Amino acid sequence: MSANDEVIVFDDVVKRYRLGVERSNIRAAIPWIPHDPGTNVPTVTAIDHLNLTIRQSESVGIIGNNGTGKSTLLKLIAGVVAPTSGEVRTRGRIASIIELGVGFHDDLTGRENLIFTGALMGMSAAEMKRREDDIIDFAGISRAIDTPVKRYSSGMLARLGFSIATHVDADVILVDEVLAVGDIDFQRYSLERLENLILDGVTTLIVSHNLAAVAHLCNRVMRLDRGRLVADDEPEKVVLDYGGRMAIVHAGLGKVPVRLRELKVRPREVNPSEPFDLEAVIEVERPMPRGRLRLVLRPTAELVAAHTQGNMPVEADLPQILDVPVPPDMLREEGTWTLRGHVDGYPMFPGPYTFSLELMEDPHNEVLDVAMAHLDVPGSIPAAAVAQLPVAWAIDPTFS
Amino acid sequence: MPENQVPDEQAAAGERDLGEAVDVIDLVDERDEEAGGEPVASGQGGVWEASSREGFGPLERTRRARVTPPSEHPWVVRTADTTIMPAKHRLRSSLPLLRMYSARQVQLRYRQSILGLAWTVVQPVAIMAIYGFIFSAFLEVDGGGLPYLSMAWTGLTIWMFVQAALQMGTVSLQNDSWLLGRVWFPREIIPLAPVVAGLIDLLAAAAILIVIVIVQGVGISIHAVSLVLPLLVLVVWGAAISVFCATVTIFLRDMATIVGLGLRLLFIATPVMYPEKAVPEHLRWINAVNPFGAVVTNTRASLLSHVWPNWELLGFHLVIGSAFLAGALWYLRSVERRMVDVA
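If you read the protein sequences in the order shown, they are chains A and B.
Using the working numbering, read the first sequence as starting at 30 and increasing by one per residue.
Using the working numbering, read the second sequence as starting at 30 and increasing by one per residue.
Since the hints were made in silico from the structure, they are not lab data.
It is possible that some hints are incorrect.
Stated by the list, open to error - Residues on chain A that point at chain B, a partial pick, calculated with CB under 8 Å:
| hint | residue |
| --- | --- |
| 1 | N33 |
| 2 | A111 |
| 3 | G132 |
None of the values given here were measured: they were computed from a predicted structure.
C-beta atoms are modelled at their ideal positions from N, C-alpha and C, and glycine is treated no differently.
Isolated chain B, as found in the complex (with noise of 0.2 Å):
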């Protein structure tokens, strides 16, 4: 058992023997000296040295632990490559985490902006201006049977996700590398908070087409029910394209340029501001293999033109879509435990 208090004898000497201070001794037993031992500032240590005056001892363990057994907790085990976590684990510990990081997204992107949320609706609107004058006055584009401004809407609120998403997502795991060295979380999340962010975008964009249905006298029919699929299909292609695209981008960033680019060929390989009817028939197959296509003109039918939509080619998509996303994440936790080296 180690002695906790230092004797007044010790500080009685100490003043004897060091009339002329020389050393760090002096230094500790001058502040014995002060009056109820009151911690003085020295440098870094400064309440450690103060209160080993105090009789600072072992600390000692009287109090009963109030942790939880280490049993109740499943075993983490990391390796060069993988984090084996349980999979119910790690899901319960993203979604929450998950839904935080979005609002996060949001919240940032507007954050000391005077319009703030406002550019959700703005932004849109500004955009189908500056297209829809164009596609529409210069290009000589109508609707294919539908409202210019219903028909470039619909593909327009759908493009805006499918900008978003992907945009940010390749570059999210990128702007956040910061992150990964310092806290350990699901990393799928940062790549999927900008598909969920962008749901916001899309409800805003969504509120504002119903306006427009309603006003140009298009209607909404009992085939609006439908439009779950197409949005299913959006939401996992985009989140699965978003994940293997932030994966790849923290170890070539060429990954960013290169989706940069692909967005644009996807713009106008994509009836957006156009009506599928304006592709040649024989061009049509780009369309369907499109998953964005599909969606966009899917979209149109059961919103619009009030048809069932294509059942079989949303069902194709979604399924492909599915698998890739799994792909997707299974990539992501194969490499995850590198990026931190690389990034």
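Isolated chain A, as found in the complex (with noise of 0.2 Å):
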């Protein structure tokens, strides 16, 4: 790795926006005024004091929450926006699907627009004439190619700009939530073109939403938050640490390292406030020290249905009676482990019920892993209640 390799340089960047209507640019107009909104109207800091470095061939993904400055540092990289200080510095030629569609004038047709497009990123129209069917077979749309691109639907628009901006040879691509866009075919190809294009040695920016798509795609994650630099890191360690282990999952980087063997609810029949116990056999493959486990007791389908009189409701609409936390202990150690607990009587009324225990990772709140038991309180089903409430009541004379 030397200086050579670098394609991507941002030094010190500040992007400010000045928030409201301006009444006149004039002294935008005038070239040695600085052009920085300054500090006496209200402004937004989309990238905030940036430094890094990317170079050739890197696939880096960039994630955060809306807001944090992903599109606008794409842009800063595409050159369409200048930085209110600082400095950027790129070379080769870039390539960006920031805007799907981009440069794409109405009244030309596909085919003309994809040869204006090329020129707009740098290709000469006989280089874009030589891949013209390429791109246009990529995109699906050989029928409507000469059609004027402002009758496509969004779709056609979105593939056909993916297509081009994909084909022009460039050294940088930078890639704006663009995975989603399509229909599941669609989403195919485009995947297995930016794998190629990966794999050729492309240096890649991908701004995306779907973590298991970054993980996979890229071997470098940065993550920004209010326009700073908070991880860049390896994929697996910042994909993790925002999204959750699910996403580690999902891009097929690592699976659950806690498995919830069983849950066991002795007796199965319950009467009302009688006591019963619980069993769950958890097996830790690896230690997970943010784990956390919870116990929840919910009512069955039927249940809500009968107490409703309405349609059975979704599993996931049901309501929690209890959410009980479990000691985590031997989440932390390696080994399988029984969990055994004791409840000396819940004062349910009758029907069947559900009990499930939920491994979680901290700080969020999905469910990774759960097992799940069924707790049936015999008697017939009353209408209004799912629990009753021990009251000792005492019923006194008052004066006042």
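Take each chain as given, in its own frame, and dock them per the hints.
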């Protein structure tokens, strides 16, 4: 690795946007007046003193919440937005898929736009002609290619834009949240296309909320928060920290290291307020320092339907009657553990219930694994409630 | 090394535990049970979630890279106010784009119109008919020793170019501002394109002019060779004004209106539909100072009167015009980085 590999360098870059409407832009029109919104007007800082270096053939994922400067970062690299201060250095041809259908003119046909967009990205008409068939094939719009793009559906525009940008011999390609565009087939083609570009050594920057995509495609992930770089590391670490364990699992980068083997309730039938026992088997392959467990009691769908005389609710809508934290100590150590719990009695109304033991990982609320057990409270189903409250009542005369 | 494969064991566990489906996990596991792991669309990350079931791991980088080493490309440095790019590089990327941009301009102008490109001929003929009738029939302007039609058409050919270049050039950046925020390319192309596109109309009008000159018996002499000089002056001045006014218009919309008014004034001040001789002696300096006036007068001299043009005057306008063009390009480049924020 030497400085010769560098293709993008940010040197203390700040980008501030002015809020509100300017009355006159006359100051901006004069070259020797510095173009900085200054401090006496309301501004928003999209990029805050950012330093970074991206080397050739890196594929970099950029993640973070909305409004943290991810798109501004790409626009600064693409050169369409100027930094308020600092310096952005790039080299090589940059193709961007920041806004799909980039540079398309409504009245021109797909074919004309194809040549023109290529030219905007620095390709000669002859070079684009040579690739024309590939681009049209990839976009899957051969029948509409000689129709003005104003008649295209948004999906067609997206496909043509993606197809052009990935066929222009770019040294750097910028992708802003386009992986979710288009139908399932196109998503798969575009994924393959990006994979191939990355394998060819094209430097790739991908902004996406699809963490699985980022983790799969990128060998480096940056996380932005309010214009600052808060993480810049291997995908697994950054994605796990930001998006939780399932993003890692979806990306095929790993699996949940703890399995909840089973959950049993004994006895299976419990009269209201009678004692019962819970038993769970938990297999810890690797310790999960931030893992946590909870025990949730829910009525079954049939029970809810019987109460409300309505339709069967979907599973996710089932109310939680109880949410009990479970000591997570066994998650910290490798091995197979049996967890036992004893309940002195809980005053439920008759009906079928479900206990579930759920595995989560701080600070996320995603359920990583679950084990379930049924519990029947015998008797006929009453009308309005699922639990009783054991209250000791007393009635006294009161004088005021 | 993270594990790529989701073991079958896990899928089996999913079946056992999740008899009554609950959560995210269940959605994923169901897909696992579908034959051959065929992806199923579901909301945003369809392919991704589905693919993960097929042992989707980090991309294995086995293939050799095929891109040129970065050291073969020059650095492009962008700060608040400048795009520092080697001049050679900037020019090389500009020229093919300028050609294409100009062609697009012509293409677009006549898209969805019946006459299409024929308008390049029909339009000047119609204008000639209107102005010619007013000037020669009502105002009784004569050709100043030349056939009126030849004299006026020469002026009109040049004026049509000036008007198109300035009018369309001034609003060009404003009209294409949507493009500025999407892709970077040398911005001077946008205001230069209408000037280049105007040359196509100029060519069509010039072809008609030659026919008129021959039909009216004026004839063409060796002096026509010197027309290159007024043409150069015309293009350089047209480009300079277009680039400058387009850049100012981005920041101050007032400019477009000012240019509109200026064009009207210029049309009266330039001997387009009347001969230079019709101007009183003491006002002729206006015509000399006006580069387009000098172009019209000297084009008539070499094309119609068969004399050599006023080299000094044209040379003067060429030098001043070139300096103006250079200044306008410098101005555009020194504020181009701000256009996106303002436009």
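Query raised in the report: Can you name, in rising order, the numbers of the hints this structure does not satisfy?
Result: Hint check: nothing fails, all pass.
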